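Participant: We have chain A already, so just place chains B, C and D on it with the hints.
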Amino acid sequence: MPTRLRESALMRPLATWDAAVIAATAAFLIIAAASVEHFGTARNFGYIVLDLAPILLLALAMTLIVTTGEIDLSVASTVGLTSAAMGVMWNAGIPLETIMPAAVLLGAALGAVNGLFTAGFGLPSLAVTIGTLALYRGLSYVLLGDTAVADWPRDFTSWTLGTIGESPIPNVLIPLAALAAVFGLVLHATPVGRSVYAAGASPVAAAYAGVPVRRLKFWLYVVSGSMAGLTGVFWTLRYSSARADNAFGLELTVVAVVLLGGVSIFGGKGALPGVLAAVVLLTALQNALRLAHVSTEALTVVTGSLLIVAVLAPNLAASARRTLRARRRRTA
Amino acid sequence: MRLGASLAAEIQPDPGPAVPVAALRGVAKRFGAVKALTDAHLELHGGETHALVGENGAGKSTLIKILAGLYRPDAGSIEIDGRRVEFDGTAAAAAAGIAVIYQEPALFGDLTVAENIFIGRQPRGRFGMIDRAEMNRRAAALFERLGVALDPDRPAKGLSIADQQLIEIAGAISVDARVLVMDEPTAALSGVEAERLFGVVEGLREAGTAVLFISHRFDEVEALCQRVTVMRDGAHVSTDPMDAVTVDELIGRMVGRSFEAMFPHRSTEPGPAVLEVDRLRRGGLAGEVSFSVRAGEIVALAGLVGAGRSEVVQAVFGIEPRDSGTVRVDGRRLPSGRPQAAMAAGVALVPEDRRQQGLLLDLSIMRNATLVRRKSLARFGFLTGRAERREAAEWTARLRTRYGSLHDAAGTLSGGNQQKVVLAKWLSTDPKVLIVDEPTRGIDVATKAEVHRLLSDLAADGVAVLMVSSELLEVLGMADRVLVMREGSIAGELDRDRATEESVMRLATGQEAPA
Amino acid sequence: MSRKPILTLAVPLLTAALLAACGGTTQGDDEDDGGPGTDATANPDAEIQTGLSFAMLPKSVNNPYFEASSTGAEAVATELEGTYEYTGPSDASASSQVSYIDTLSQQATDVILLSANDPNALCSSLDQARDAETVVVTFDSDVDPGCRDLFVSQVDSDEVGLALLEMTAEQIGGAGEVAILSATANATNQNAWIEVIEAELDSNPDYADIELVDVVYGDDEDEKSFSETQGLLQANPDLSAIISPTTVGIAAAARYLSGSEYQGEVALTGLGTPNQMREYIEDGTVTEFALWDPTALGELAAWTGAAAASGIVTGAEGETFTAGELGEYTVGADGVVTLGPPTRFNADNIDEFDF
Amino acid sequence: MTALGERPAATARTGSTALDLVLRFRALGLVLALAALVAATTAVNARFLSAQSLRDLLFAAAITVLLATGMTVVVLTRGIDLSVGSVLGLSAYLTGSLLSSVGVPVPLAILTGLAVGAACGTVNGAIVHFGRVPPLVATLGTLYVFRGVVYFVAGGSRINASDLPGAFLDFGSGTVLGVPYLFALAVAVLAVVAVFLSRYRSGRDLYALGSNPEAARLSGIPAGRRLMGAYVTCGALAGLGGVLYAARFGTVDASAGYGLELDIVAAVVVGGVAIFGGSGTVVGAGLGALLLAVINNALPVLSVSQFWQQAIVGALILAAIALDRLVGARTARALRRKAAADAD
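Chains as they are written, first to last, in the numbering used here: chain A, 1 to 332; chain B, 1 to 515; chain C, 1 to 355; chain D, 1 to 344.
Bound-form chain A, shown alone (with noise of 0.2 Å):
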């Protein structure tokens, strides 16, 4: 059957575009490489490293959360506000190695109460999660006010900071790299991803599979939480800083990477590969046109016009494609 062959070839723009993110990621590194200075260093493979670590892991948990078909908004508030509590424990001696799962886990129960408002109550996970990105970050100026609590301990910064050994691998690499296969595994390998596709794609249709949709995305919400609490943790540790407008801001280059990896904002539709891809290129772009002198304002119209293309272009070759159908059908 060749033409079903083709058709479902053509069905599926999304695994396509997914290759087209990491190619293009691949050609632009390259390209990078080869003719911006400085880039293709050793060292500034580090510095990229550490500028999308945050990205990164907030766009794990985000990747899954859009794939249901949800939102959450309040990522980086959520950074910011287990930021500003760890300043708040440190100050009040407690040790650093109780306040960091102590971070993380406020993280989690921050997400519960997304989780709640959402999953629990059926309520809008756009509107919920604007709601406590504003409460979120309000919180944290509430604990901190404008002050920031800076005498973290050296040992733990500069591990941060560090590399393996005398390798120019960064130390953070490594439980990136960990988290990253984690949460692939879960979204490609195991049950658990397969009902996160299908809640995605109809919530009804699943429900009739049994799958537990509510209870789902009530624990992707928690899981959210978690990695921005550890995102909070690392950000507090990288820039020695807890201060309550840690990451302001960040949620939406998190949201656009996310989508500029191929994830479908109405779910069901999506690969982590393509976001990893999306977070490397996304940042090596800004460190590339930083070193190339390149002005600020063209970062964020970069940003944003990405942002809109990732959706648009699959969206006209779709349109292209149905064009090109039926005109061959009349032809034909």
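Calculated directly from the structure, the hints in this document are not laboratory data. What you are looking at is a predicted structure, and each value in this text was computed from that prediction instead of being measured. Please note that a few of the clues may not be correct.
[As the list claims (entries may be wrong)] Residues of chain A clear of chain D, computed beta-carbon distances all greater than 12 Å:
(1) ALA26
(2) GLY40
(3) PHE121
(4) GLY145
(5) PRO203
(6) GLY249
(7) ILE265
(8) ALA292
(9) GLY304
[As the list claims (entries may be wrong)] Computed footprint of chain B on chain A; a stretch qualifies when at least three of its residues, placed anywhere within it, have a C-beta under 8 Å from a C-beta of chain B:
(10) 181-191
(11) 207-221
Ideal Cβ placement from N, Cα and C applies to all residues, glycine included.
Facilitator: Quick look at chains B, C and D alone, frame taken from chain A:
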């Protein structure tokens, strides 16, 4: 069969003018791999009510949507007053005088009843502003004409299906349409409501409107229509004056094959009761339901749309929680509102709406076919894809599903093959109780026969089958017992010998005696 | 099923927390190894090098104040036949400045002129830059002294605080309630000045009749400063004067006062730019305010950077260098170079300035 | 055969009034909340209710009311426009530089702002409608893009009050009968939009589109034109907001309106406009905007740390949507019961 004869006013068949008000000629339409229409013909004359009959999936709804300007035909032409036209949207069709009342009312819940009738055509007063008082007056006048009492100023949210239908009808009447298309308008109406509707339709016809009437109820068709067109598998079969054909002839043309070929004969002794439902109540269901299904038995749940059949099976499976009552499988109680528990107990539900409830249209056939077995196919918690591929290939092959690749999106399949994927998905769980809700809706005749054979075979293997169906032929052909529901309760039970079209309809509509 | 991920997450975390409770790293464990980097020795007789690469990294681009500083620094870079770049984030956050510092240090920039968004968050990046032989001179807003070579202070904290108080006292006749509209609550400069004002109010008998009733923060946001002014006046009906030691704050406060019934009733003074305040001096809302010249500040920062890169100064107290036409400057304690006393602007002289 | 009319003729009159009540209650609830807040604040500090203070409040609310009006139009169609803050910034800067460099008259400046906003709205509408990009994504993208354009145009420059013509600044700070021109303008726009949405066919089409897009298609509502219209309106009002911003603040730099979208969405949601379309009024949104403005102005007077402000806004959003859901569920149940009673 003459159930609704009393409804008919004196019908004087009108030969109609030579040029039809509206006509479809050689119309074809396909959606992806699905050929919805291949060669449809239809001529509608002013002052005539024209019946369009055919099985589900024969292409009637697609035909109507083409007439309504919603779809553009791939081939063939539309003519209005003998002139060829092309509709580039619903507005163009409406401008040509075509009004359509769809099977499922599509209202704006946030707008008022009157606005729903007049949307886009609201009467205007000063400065072009909407004159709400006038609009409400006109709506009230329409309702008076229809003989119903609805508050024009209340929001459409929360209205019953029948009331929503009435709003649609009022909307169609309000434009004085030259062509009025009604897609099963009475499916959800009570006898009184239907009768009132027929009065209105008669009035319109006498005023010169061309009416296209689609119905599964031959009593209505006989009483109301002067001409009848039969469609099968997307193509025109025949058009005759109503009094020139018998209902049996029409059925024969619709099905296209003998009764026996459609419904395999089967004789097995039913075993012990597997599924027992006792005094089940739930929100959205007016009454209380008790019944049981035995191993090796096919029990049909019949009734009008809105009688609560789907609500019952959803509560049994646990999609919706029940308010009270028990559901037992093999004597063990199922918890309320937990489909996972029902599945674990060996219950499978092939839901009513394949596209919304049965399938994840954007996901692959493989994912769909193995979704319910995602946990049992995992090894050490991981799914590598190999087991899923093997399983999906095996079950789709067993059901003779036709597809290009297992990775194709389920939405690209034809209706019949989609239904096979849903069946494959559930049969792979080896169910003890198989609940099928409208198992052959919208699929072609050949696949229908396959599905029927499959259900028979399953019953013969000792599976307890509970079937919800709106197709009387299917109910009568398949069921060992028929439970007829009306207004949320079981109005009566008929065994195979006593179940006839007439006896079922009588229970379903709550009529005491045949007219 | 989906219960599992949370358990796998929570169990190790809780275990870690419990273990840690028995003893771990707490605040104060870390001995600060700060102090200005003065390990090198200065050569006061060296020539100022030419051909150096300069980069100015402001709190955020799109800020006229820093544009003015940049003009000054660029002029110096040109004079020294060096290259010059003005770069930075569009939002005033510490984390985005870090990326820019990383980029600059990779490009082996000779001198970074930095106005910091956070005193500590930039330190590790600055350390790396300085390891790569880059001279880091902060201006306008400092970082921890351990992470930069020199800081060019616009003015001496004491002098600003005293000048502000003096102007206020003159305008309200030495008695009344005053309030302060500051930038952010952790802004290093503003807090230092406020401290000076508070101390002076407590100790100087000349100011015995002046009472500081409130300090509010407008976050250097126009709108917020505007509504904070509004709130101040409502909450303190007997207010005589507002001191706003921030250019954003004083402009917003002046705009509020000029359109309200308080115009001329409540005195306003503080730090502002002539271009922004000209209108309010003309309409009588403001009598006198002060500021240093940001262009000169940029110039001095560039000269300081050049001197440090040439080995003339290292940041040790007492070192001297010549900053072109600005004259000779001496490095103070903690590697601070001070521009000079603030300039006061009033109806008599405001038309002489354009920044 | 049952007799005709056996089905009770009782109509759902009560259902209608019940829902009306809820809707009115919604607006009433906002008014009550406003009154309570004002009363409490006044009790602490009587000057909160002084003419000056009220004027300040209206100044602060004018721009949010205006933008919330535009946002409502888009949200009614199941859309959202996150780019309003950037559009405001762009319009404010362009209008400001036009005024300061060319010295055009005030009405022309207003038209310029409207035109800039409408152009941005057209871009949004086109991406949403023709590109079939979800509104959230599309306008999130243009939030970046338009802001980038402002940065590009403005760079580090700032327009100062002294650069602007006096007539323009007078327009920004002047009052008529104690009401600022800006607020009067915003309310006038709100009134026009309110009448349009409730009394004009195309306005009702927007509700229909948001209520049931599929049914809207079936009934021949020109979805494309209406959607474009909604986004252009929202953009134009954001553009007008930019003019007001320039007039009120006098100083405009590249960051004007940064992060404003959150406040606007909050005002609309608090004002009872359903985030998924089809229901809500601009009056509600306007009241929501007013409530947020009152909270902002009351906090410093009440000596509540300003750090609480954002947290309170967030809590309000959550409370508003949770309340709407609760009321909605109760009304639906009431209507169902009513229908069931009718059917018996």
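Participant: Hint by hint, say whether it matches the structure.
Facilitator: Against the structure, the hints:
1. ALA26: holds (24 Å)
2. GLY40: Holds, because the least Cβ-Cβ distance between A/GLY40 and chain D comes to about 27 Å, which exceeds 12 Å.
3. PHE121: violated (6 Å)
4. GLY145: violated (6 Å)
5. PRO203: holds (15 Å)
6. GLY249: violated (8 Å)
7. ILE265: violated (5 Å)
8. ALA292: holds (17 Å)
9. GLY304: violated (3 Å)
10. 181-191: holds (count 4)
11. 207-221: holds (count 6)
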